[in-house]
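Visitor: Here is how the chains run, residue by residue.
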Amino acid sequence: MKEYWRSLEDLLPAEETEQEKKTSMLLSDDTESSKNSRRDFLKYFGFSIASAAVLAGCERPVKKAIPLLIQPEEVKPGTANYYASTFYDGAEMIPILVKVRDGRPIKIEGNDLCKMTGGAASARVQASLLNLYDESRPAAPSLDGKSIAWDEVDSKLKETLENWDANKEFVILTPSILSPSTQKLFSDFKAKYPFVVFETFDAFSYSAIREAYKASFGKAIIPLYRFDQAKLVVGFNADFLGTWLQPTAFSRQYAAARKLTEGQKDMLRHVQFESIMTLTGSNADERVPMPAADEAYYLAGLYAELAKKSGISSTSVNAPESIAKIANELFQAKGKSLVVSGTNDVAIQTLVVEINKLLQNTSKTILVDKPINLYQGNDKAYAELLTRMEDNKVGAVLFWETNPLYHAPLNGKTEEAIKNVPVRIAVQSQATETAKLCNYILPAPHFLERWDDKALVAGAYSLTQPAIRPIFKTRTPQENLMAWAGFEGSYYDLIKLYWKENIYNSSLAKGRHFETFWKVSLRDGLVIDEKVAPQAINYTGTNVNQILKKNNAAISSNDLELVLYQNVPIGDGTLANNPWLQELPEAVSRVCWDNYVSVAPAFAALRGWTQGDVIAVNGIELPVLVQPGQARNTLAIAVGYGRKNAGRVATDLGKNVYPFVQIINGARSYTLPKVEAVATGKTYELAATQSHHSMEGRALVRETTIAEYLKNPASGNEMHAKVEKLHTTLYHEHEYKGHHWGMVIDLNSCTGCNACVVACSAENNVPVVGRNEVRRSHEMHWLRLDRYYSGDSDNPEVVRQPVMCQHCDNAPCENVCPVAATNHSSEGINQMAYNRCIGTRYCNNNCPYKVRRFNWYDYTGADSIPNNRVDVAGMTLDLKRMVLNPDVTVRAKGVIEKCSFCVQRIQDRKLNAKKDGRQLRDGEIKTACQQTCPADAITFGDMNDPNSKVSKLLKDARQYGLLEELHTLPSVVYLSKVRNKDKNKTLS
Amino acid sequence: MVKTLSRPLLPGNRFLKFFLVFLAMSHFVSFTTNVRAENKGPAPDVKVGERLFNGLLPTGDGSKSCVSCHTMYTGDTMNWNPSALEMAKVAAEMDLATFKEHLLTPTGAMREKVHVKYQLSDEQLFHLQGYLKNLAIEGIDDKPLSINKLLIFLLLGGLMTIALVDLFFTKKISYKAIHVLIIVFGIGFQLKIVAHDLIDLGRSQDYMPDQPIKFSHKIHAGDNKIDCLYCHSNADEGKSAGIPSAGLCMNCHQVVRNGSNSGQFEIGKVVDAYENNKDIEWVRIHNLPDHVYFNHAQHVNVGNRECQECHGDVENMHIVKQENDLSMSWCLDCHKETMVDFKDNDYYKTFEALHKDLAEGVLDSIRAADIGANDCMKCHH
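For the record, the sequence lines run as chains A and X.
First residue of the first sequence? That's 1 in this note's numbering, and the numbers climb one at a time after it.
First residue of the second sequence? That's 1001 in this note's numbering, and the numbers climb one at a time after it.
Just chain X, same shape as in the assembly:
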């Protein structure tokens, strides 16, 4: 009961869910105070384990809490340590002795440095592993709601209600213009929030989901200067840029098994997938609506565009996010400005009249939109 209510019921930041959030928050307060750490014989106390994990109970002098490295959510910064969930999945497979060994007498430079400070009794370890096992089964809750916008929305609502009440009943403020101003601005601002959210409904600029493997484009494309087309070779030939197969990863990772940041953990996942025939379920970042046709080859191969023009500085991103809003106006504006490689590609010989204009100096260049790039059916068919 406590568990279910203390987690935000719905993900995301949509303000219409505020009731649920409030309910959740109030219950969280009332129920958590009633919970006691009880040890029922051989069953581990998950609560104690959770407190240990989160550093609410001491784990040894000068030691960091587990969660400070093995975070619950990985999206915001690149944290190279295995996440709490990944840890939990490993720990759930171990018996207590192995767990203890792994935790207290670690191998590997990074773990040795940090883990050496832990001082945990067998009982504490038992509870901790119990918590991790539980976590491995239940999974991590969705990210807590960001309620800034929602609060503003509600605050405005409250203000307007007070203004209305004062206008008709309490009449504390004599200048009615103030009421009117509050209501007009309130409604205006609320409408703006609504409109903004509605427009955003179909777009997802800055979308930066967690991926199943902490793959860093910065390390691959930036530091090691691997060409984008080495992995996304299909961008040159086909509609989709393609996500490289695990087989392609193994071209390098057959040899490179120790990452500079995450050790063997993340690379191990690729090796595991490759060797044990497991799919890697990447989360798709750039999504176009179904009624839009986009072809990479047209832009990368024919149009000679740099990947970064649409995808941003991927070589500096640890975690890739959607750089542009991918809205129609964004496409059209670019088509209006982008020059076509009119002279070198023989395909364009068909446009005889335009070639004549170019030769005679009537036109100085041909933009994509001039030869129909912005026709509806070029993308909507």
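Same shape as in the complex, but just chain A:
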């Protein structure tokens, strides 16, 4: 058994940290405040009398029951409807189902008809629901700060457009538009007003990939990647499981190619070269820390090695040893490998394109003939636009859900350029920095309130449909254009017409009428036209010798470099004003509610920094987080924080590092080769969930290597057999006459993307507690992703483990509850009756897994006593409370809560089966975490049914229970992790 460590403190001698000192001071008794006086006694005595009086005098409120005047057939009170729709936030596009209960969207789930995601959704998709109920969304149109009616907006802007000076441009700056109908509308609008110019701006730029393909293939595309077709994936600073391009689809492909269940014997091998520890890197079979500045050199070396092997002459590069080794492996996996880079640098991306071409991966793992429509922006074009704006060539600019002032300030150039344009219009569904500079602020609906369509790849169409009437006085941006151009009808009509004329054909509709086809498409949410021809594209080639020559040696300077990256919860910061996302611990560091400077352990030791020391990086002051596995001279800070006008939650939270981003060689560069970092002497306590639930020194995560596994499937899990032999108990064993629910979690599949955590919060009304409460270890997530390091702190191996209530048959919590508030159900669920709980927390204390959560305060407004309330994110507002699931109790202060195996879902599906008079089908019940998991790591089902998937997985030799030596007999079972590597590291 390897030795795992959970955080750096474990490696260091057990000296009391600053935090602990503070805590122990707070806990010690001799403080002023803890003295109870007679006055206090009288105060409380008086209070209890008064509250008794209030209680006795209170009347039950009269509740109204107001039926619909005319009830549509499909709308039933208390019954949820699901509507197919599509999520798109300018970064990822995912087909979804929206659960609508009594007129309110209360949950988003992935659309399982989608082959790309298979019904999965990311953390941000799950959380985007809460942005619908964001009280800081612009509520009504305004002009120069004064509210104005939509009619007035229309007449004013129509007048502006009709009396336009033809020498000037009217710029509409959009994110990448995936909607074919909107594209059509744009061209119609331009036909009416030829001076209108449409420009694309992506919040986070991927324009270098398009540039590279333009150089090598003649077309500025981003291809469709197929990780599931690869046997070897080599990533260079590409967080493709976390944030890069289509992380949800990639996670699904990646996990599918690494599954060892159902007889699959070989698994995808993944090697990652990276400067910071990303989610993807932490999942790699082997990971090599690499300075970001050397990425071009490493890739140049790889190209040169591969060229040599392929017999192509090229400038020679003296590649590092690890690269020479991986080049061998890659060459052997020709046509079945994939090299990706996440750096927005044209030279690097060109090398990647050429390497994949050398490896004959193009059209096998990289489908260049099926380009995706994401990230159409071009940084050069954006820079040119700014110049035109400064040169008074632009008469008006409309920001269509774009926020360039925040995402690309470019040394104040963006701000100056915007201010130089006379008419500035913000059409936005959220509060933004850019809107502050605008005359017109025209609120747009949230994507759950509007119609739209999307085409991610040619031939793959999906629809967005409203799940609720607009909450505020908003209007779809497309309808603005239609009103100003005097087009008839609504945007819905336009989409339908477009579909009728361009998408509908009788073979796609299986011979059905258009109306039927439309309704079916709307029900399914997506349509795939397999017959759409792949795009013709030819390799024209580019000469990389220039790049090789320039990068033929490592950067050997000792300069500190800074890497700006998107983290998994917040991404580019567009959805930052979201309490669920802010509270979600970052996938690797387990820190929430802040960004920070990650520093390699060796470098931190050199400078004498420890976690929480505030340092200034080029003037930006942020606390240090010591991150094992990071390259020695690299500092890293997440973008997406430090918003200035984002609403109550995100404004002034963390620091904004987008001002560091510059356009270098025609692409926005997120790497700074040289920065200054100095200590400030200040300290700051990060809200980390990292060392909260420590279970050190026990075989919690078990792992092996593929070679060992093939020899002995139980390798790494030998302990399970030993423990099984010692099976004995003092307690009577439970008898389950009907169902016995169980869950299997495949640690080989789980990537740690955290989508499950947000899905669980949304499904189960898990409260948001805020930064200070997390600092006090009061976070409430029912499901956490433990992360353990093993080995060398400069390049550790990482394992992850989702831990929720294990629903033990011999549950230690049940025995100690003095009021029997937690006990065992007849179906094996460790149940928790909130209304019975008196808050002794004995159960919490006795739970070996530490999965029980205590409501220290009232976080959601369930409590009638206002002083109990802690609400940092507006979660007690009526508007935000609309997100609550009415089938799950909203917990008040003073009770314990924990994972319930989504019992409300179990009950619901059981009832459906009973109503139909049939047995439950295996897989019919999906817990919220399982439903959203892109890696398909979670399986839930009836262990009493020998044919269920869970029962089959329980026979896998990799299965074991967490702390099974305690004989708690958990109903959650883990499958051990297998790494595709030799016993010893081969690359570094």
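One or more of the hints may lead you astray.
Unchecked claim - Part of the chain X face toward chain A, derived, beta carbon under 8 Å: (1) 1099; (2) 1218; (3) 1243; (4) 1244; (5) 1245; (6) 1346; (7) 1351; (8) 1353.
These are computed hints drawn from the structure, not numbers from a lab.
Note that the structure is predicted; figures quoted are calculated from it, not measured.
Beta carbons: idealized from backbone N, C-alpha and C, even for Gly.
Starting from the structure of chain A, add chain X where the hints point.
Guide: The following block gives chain X in isolation, referenced to the frame of chain A:
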């Protein structure tokens, strides 16, 4: 001033409000004697109107007082006439001539019979309408307090005080056991009242609120034998039984416009709501706490329970009231006794061991509680 103090300030029957009630009652006595009927020119005298309405001033030979038909409170019995408030709202919209016409030369059988006896001068009509207009604006006071329990509580308190005083100071009764007995019983009885009220705090058995429309379940479900599920169809499929939409009412009331008891008045409200897009704000009778999950489909559809088992003889109720206390023990007791339709519903095939026991005669039937109906999380999740 008079007005505000003469009405009970707080609704309900909670004994802690007794001070306010006493205050109110004493002021009522002192102030009402000072009030005179004064006619200030064109302004109607509301007081005179009120007296006319309540029959304190003569309205004509052998005529009933207005309030005897158009009652202030409708909850206790089903009174099919429009209530005082509803009348007031109609009258407030009329000019005096129309009001007079409606009142003295009525159309419609019921009104003709009763109203024919009224003999009111124009001035009286003016005051009466003034009162009704005022009523329409101010609304009806909450029901007067029922103070029986409160009186008993206070009486006991008084008795105990006297006993204490006598015990230590006046010493009129020589047997101290009598004092002790009075105090012990007094405290005991008071505690019982308090405890009973506290338990009742979360429950509302016999709750029978006034509804915005005098809808009689007796007429619909009883006399006309309309199936419960015709209107509450969701009970068969979903969590909530559902209250029928006005659209559903109109299925019949498109044709049936004249009720047997209330004429066109009550049905007119449904038609009005339907045609003018007005919500009907029914008062919810059966309320469970937020931490309880209840699903009608489980009981009505799967469990095959009759509606009456929980809701009582609704088909004989003009005004629906909450029949049972909906307490947890009430639920659990029923689960312990109710047999499950184990053989006909294929869902229960999952319970193989129990089927075996049934076949072998070890068990004669399966009760809901036997298959986990009383697990906490079945209802509390």
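Visitor: Taking the closest Cβ pair, is residue 1243 of chain X under 8 Å from chain A?
Guide: holds, 4 Å
Visitor: Is the interface hint satisfied for residue 1244 of chain X? The criterion is a beta-carbon contact with chain A at less than 8 Å.
Guide: holds, 6 Å
Visitor: Quick check on the hint: residue 1218 of chain X CB to chain A CB, less than 8 Å?
Guide: With Cβ-Cβ at 20 Å, over 8 Å, it is violated.
Visitor: Close enough to count: is the Cβ of residue 1346 of chain X nearer than 8 Å to one in chain A?
Guide: holds, 5 Å
Visitor: Identify whether the interface hint at residue 1245 of chain X stands, where standing means a beta carbon of chain A within less than 8 Å of its own.
Guide: Residue 1245 of chain X check passes; min Cβ-Cβ to chain A is 4 Å, inside 8 Å.
Visitor: Have a go at the residue 1351 of chain X hint: is there a Cβ in chain A nearer than 8 Å to its own Cβ?
Guide: With a closest approach of 5 Å, the residue 1351 of chain X hint holds.
Visitor: Can the hint on residue 1099 of chain X be confirmed by a CB-to-CB distance to chain A that is less than 8 Å?
Guide: violated, 31 Å
Visitor: Quick check on the hint: residue 1353 of chain X CB to chain A CB, less than 8 Å?
Guide: Because about 5 Å separates residue 1353 of chain X from the closest Cβ in chain A, which is inside the 8 Å limit, the hint holds.
In the structure shown, a violation is registered for the earlier hints numbered 1, 2, in ascending order.
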